[in-house]
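Asks: These protein sequences, in sequence, are chains E and L.
The letter at position 372 of the first sequence is residue 372 when you use the working numbering, and the numbering goes up by one with no holes.
The letter at position 276 of the second sequence is residue 276 when you use the working numbering, and the numbering goes up by one with no holes.
Hints in this document: simulated from the structure, not taken from any laboratory.
The C-beta atom is built at its ideal place from N, Cα and C for all residues, glycine as well.
Mixed in with the good hints there might be a few duds.
As the list claims (entries may be wrong) - Chain E side only, calculated, beta carbon under 7 Å to chain L, not exhaustive:
id: 1; residue: 135
id: 2; residue: 139
id: 3; residue: 217
id: 4; residue: 325
id: 5; residue: 338
id: 6; residue: 341
id: 7; residue: 352
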Amino acid sequence: MTLTNTDLLLEATGISKSYGPVVALKGASLAVRPGEVHALVGANGAGKSTLVKILTGAVHPDSGRIVVRGRERTVHSPAEARRGGLVSVYQEPALIPDLDIRSNLRLTETPLQPFRHWLGELGLGELDLSSVARRVPLASLRIIDLARALAIEPDVLMLDEMTAALPADLTERVLEVLHRQRGGNRSVIFISHRLIEIAAVCDRATVLREGETVGVVGVTGGSEERIVELMLGEIVEALPARMAEPKERASDATPRLTARALSDGTKLQNASFDLYPGEVLGVVALEGQGQDELFDMLAGSVRPGGGELLVDGKPVFFHHPADAIRAGLVYVAADRAEALLMQRSVRENIALPFTTRLRNWGLIDLRGEQRRVDSAVATLQIDARAGVEVRRLSGGNQQKVTIARWVAGGVRTMLCFDPTRGIDIRTKLQIYVLLRDLAEAGAAVLLYTSELKEVQLVCDRAVVIFGGRVVAEIDAADADEPSLLRAAYNLRSDAPTPESLAGGMIAPAASTGQPDVAKADGPDVGA
Amino acid sequence: MNGIAVASRQRTLGAAVASSRRNAWTLGLIGFLVLLLVFTKVMQPRYGVAGVQNLAISVLPLALAAVAQAVVVIAGGIDLSIGSMMALTSVVAATMMMGQSEEFGVAVVLGVLLLGLVLGAVNGGLVVVSRVPDIVVTLAMSFVWAGCALLVRAAPGGGAAQWLKALVLGSLGNEWIPKAAVALVVMVGLIWIPVVRSRLGLSIYAIGSNRLAAFRSGVPVGRTKFFAYALTGLYAALGGLALTASTGIGTPVPGPYTLMSVAAVVLGGVSLAGGRGGVFGPIVAVIVLQMIRTDMTFLSIDSNLAYVAQGVILIGVVMFGSLFELRRARA
Numbered sequence: 001m002t003l004t005n006t007d008l009l010l011e012a013t014g015i016s017k018s019y020g021p022v023v024a025l026k027g028a029s030l031a032v033r034p035g036e037v038h039a040l041v042g043a044n045g046a047g048k049s050t051l052v053k054i055l056t057g058a059v060h061p062d063s064g065r066i067v068v069r070g071r072e073r074t075v076h077s078p079a080e081a082r083r084g085g086l087v088s089v090y091q092e093p094a095l096i097p098d099l100d101i102r103s104n105l106r107l108t109e110t111p112l113q114p115f116r117h118w119l120g121e122l123g124l125g126e127l128d129l130s131s132v133a134r135r136v137p138l139a140s141l142r143i144i145d146l147a148r149a150l151a152i153e154p155d156v157l158m159l160d161e162m163t164a165a166l167p168a169d170l171t172e173r174v175l176e177v178l179h180r181q182r183g184g185n186r187s188v189i190f191i192s193h194r195l196i197e198i199a200a201v202c203d204r205a206t207v208l209r210e211g212e213t214v215g216v217v218g219v220t221g222g223s224e225e226r227i228v229e230l231m232l233g234e235i236v237e238a239l240p241a242r243m244a245e246p247k248e249r250a251s252d253a254t255p256r257l258t259a260r261a262l263s264d265g266t267k268l269q270n271a272s273f274d275l276y277p278g279e280v281l282g283v284v285a286l287e288g289q290g291q292d293e294l295f296d297m298l299a300g301s302v303r304p305g306g307g308e309l310l311v312d313g314k315p316v317f318f319h320h321p322a323d324a325i326r327a328g329l330v331y332v333a334a335d336r337a338e339a340l341l342m343q344r345s346v347r348e349n350i351a352l353p354f355t356t357r358l359r360n361w362g363l364i365d366l367r368g369e370q371r372r373v374d375s376a377v378a379t380l381q382i383d384a385r386a387g388v389e390v391r392r393l394s395g396g397n398q399q400k401v402t403i404a405r406w407v408a409g410g411v412r413t414m415l416c417f418d419p420t421r422g423i424d425i426r427t428k429l430q431i432y433v434l435l436r437d438l439a440e441a442g443a444a445v446l447l448y449t450s451e452l453k454e455v456q457l458v459c460d461r462a463v464v465i466f467g468g469r470v471v472a473e474i475d476a477a478d479a480d481e482p483s484l485l486r487a488a489y490n491l492r493s494d495a496p497t498p499e500s501l502a503g504g505m506i507a508p509a510a511s512t513g514q515p516d517v518a519k520a521d522g523p524d525v526g527a
Numbered sequence: 001m002n003g004i005a006v007a008s009r010q011r012t013l014g015a016a017v018a019s020s021r022r023n024a025w026t027l028g029l030i031g032f033l034v035l036l037l038v039f040t041k042v043m044q045p046r047y048g049v050a051g052v053q054n055l056a057i058s059v060l061p062l063a064l065a066a067v068a069q070a071v072v073v074i075a076g077g078i079d080l081s082i083g084s085m086m087a088l089t090s091v092v093a094a095t096m097m098m099g100q101s102e103e104f105g106v107a108v109v110l111g112v113l114l115l116g117l118v119l120g121a122v123n124g125g126l127v128v129v130s131r132v133p134d135i136v137v138t139l140a141m142s143f144v145w146a147g148c149a150l151l152v153r154a155a156p157g158g159g160a161a162q163w164l165k166a167l168v169l170g171s172l173g174n175e176w177i178p179k180a181a182v183a184l185v186v187m188v189g190l191i192w193i194p195v196v197r198s199r200l201g202l203s204i205y206a207i208g209s210n211r212l213a214a215f216r217s218g219v220p221v222g223r224t225k226f227f228a229y230a231l232t233g234l235y236a237a238l239g240g241l242a243l244t245a246s247t248g249i250g251t252p253v254p255g256p257y258t259l260m261s262v263a264a265v266v267l268g269g270v271s272l273a274g275g276r277g278g279v280f281g282p283i284v285a286v287i288v289l290q291m292i293r294t295d296m297t298f299l300s301i302d303s304n305l306a307y308v309a310q311g312v313i314l315i316g317v318v319m320f321g322s323l324f325e326l327r328r329a330r331a
């Protein structure tokens, strides 16, 4: 390394951290120059988030040195890190929901003028500071959180998956602002699973694998390949273009699932499609086009306002998710926190669905249950070492547990709502292979995805939802990113793709607003 | 690749670690109890069979209240009417059994257990249907049940069947084994353990741990909560019967059982947020709390001061335990 320590804005060396048997970091290092946007990349569980938490004082390392502007620092708390110029912004905004924006700013002693300035830069200049955080859309809260961090002019700003659930236009704004930060005296550490974003704004990238720094790469055209190679280690496998060969469907086949004119107020109007056994049907939509409502209905969480649902040609009506599960429709959510009992074991989490029918008063057959759980854990290659409590697992392994619970019971129809959101490439690949295998075995899979690449990779065909209607059906062979995007914007195929979306990414349909738990017990009354 | 063999070995190891980890709190509590017993014996060399007998008798209703509270807290609720339900079931039993035959007593006991189920079911039904927070509903119902108890009998009195008293007083076989302790083990073993190992048990843990996830997995959230409250009512009725059996009468004024049950649940390692813990911890916690009182008496400390000390010890133990767990989580 040609740089001496004093040329670096931030240098962390030999950082180690273990949680019980799980080693999060072993001697990781990170060096950030002044004025650069530095990417921190790695598969899930590689230790990125732990490293950021150590730098901001939220977690104490077992060993290691942190040097900021040539001076060694021990950071004890986030407040102390903040005063020392190290600030982070996470995917989930850290605003107090019951306070208005102004009080939130006062809480962190954020100067108002610069905050206003950055808010304007990020395209939210007209925001009313007296609105209560709870009533502000989630996407805007994320922007507010970022503006708040920028306003105190930190030496090092850390963005941990901040763009993962941001709509495309806002992501674009954020990237622009980051781009303009380059060349000054301050630096940004940028964490993202999206290599396109990294290529767009970052100067260099530090790659972590299994808690170690395995390389530092200068970001130039074509360096994505190198980054992926480093991230994956020996298991370098270029993503295949297609995982399934197109096959003819018997013309008289009965669809596993038929939606006829499903409606729910203004969110979903007349959504109709067929899902056949043995296929993976993609669902593509921009944020908030009714896909959340559609999946909630199919999973039995919400009763449809109108329309008809047929399973194997017979009409069904779901009062409760239990009805849907009995009809063979099982749901995999994007947000693991919605699906898992975080404090319970892997086993209980997997066993939950087939042990929930209260009518069966008998004892649970513990041996048989263990056998099924074991086979599901093996099928999905879940690293269950920290399986006493699911919250100790990495995000990828958690998602595998939510899938495993259905696989263990034998799947007929799986409804996947953006199942690979925020998951590393290796786990994504495993999930793709699994979904294909399920389809080969005769199951039907409905896959909503915010990553358009997945459609051609995993699906047989895709339906596009816009404004609560199914506006297009595209065969996987024709479902390249530009045509999916045009359809998602409900443009005719000859119209140009909006430039800001050239990256081919659609914002995942995160719910705008706070998680709606009340909805959960809606259909439960009188059950 | 013998990945499956490795996985299964890891699982066995994991299971061992899991069970010791999950029971660490209770094991620590038992250690504390042993220390207390040694301390008592050193201080009062004559502490022996009679002391254990008294301990078991005084612990029985408290332990049943703690089990009742633990069930509903695990399900993510809380029941502040346990003391009142115990008072009501106790006076109903004492009033109906007074001057009646032994055989009639059997019918009364069965009826009172049914009454407990109904009281709990009313609590649970109100919580589920009204969607008023559990703490508010059960606080309100504690007044209702206490009022009902006074309507049944304005002053302590009544009677109890001989066989009922014989069920909890004295010892079984060995003089060191009090019948009250046996009764407790039987009541937990016959009701709670089958429930835990059934679908209902997993559902109770599931709704306490994560309502939304439980709902999405097909767990009937409202129904499970209803059953949890009914089970709490049943254990409260058992507590009420234990009171009648040990005193021979019914007392319409609720004892300190509600708040003691909350204290025992907390001390027993059950998370007030739901989804974590069991009933064994709270039972041990009740014995610990009772031992502390006994020791205070031996030390001839002012009984009012003993209350203060009990509170301080409660906070101290929970704080010490939390620090210990925190250290282990970080290690």
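Asks: Are the hints correct? Go through all of them and say.
Replies: Hints, verified against the model:
no. : hint : in the structure
1   : 135  : violated, 21 Å
2   : 139  : violated, 22 Å
3   : 217  : violated, 32 Å
4   : 325  : holds, 4 Å
5   : 338  : holds, 5 Å
6   : 341  : holds, 4 Å
7   : 352  : holds, 5 Å
Consistency with the previously given hints fails for numbers 1, 2 and 3, ordered from lowest to highest.
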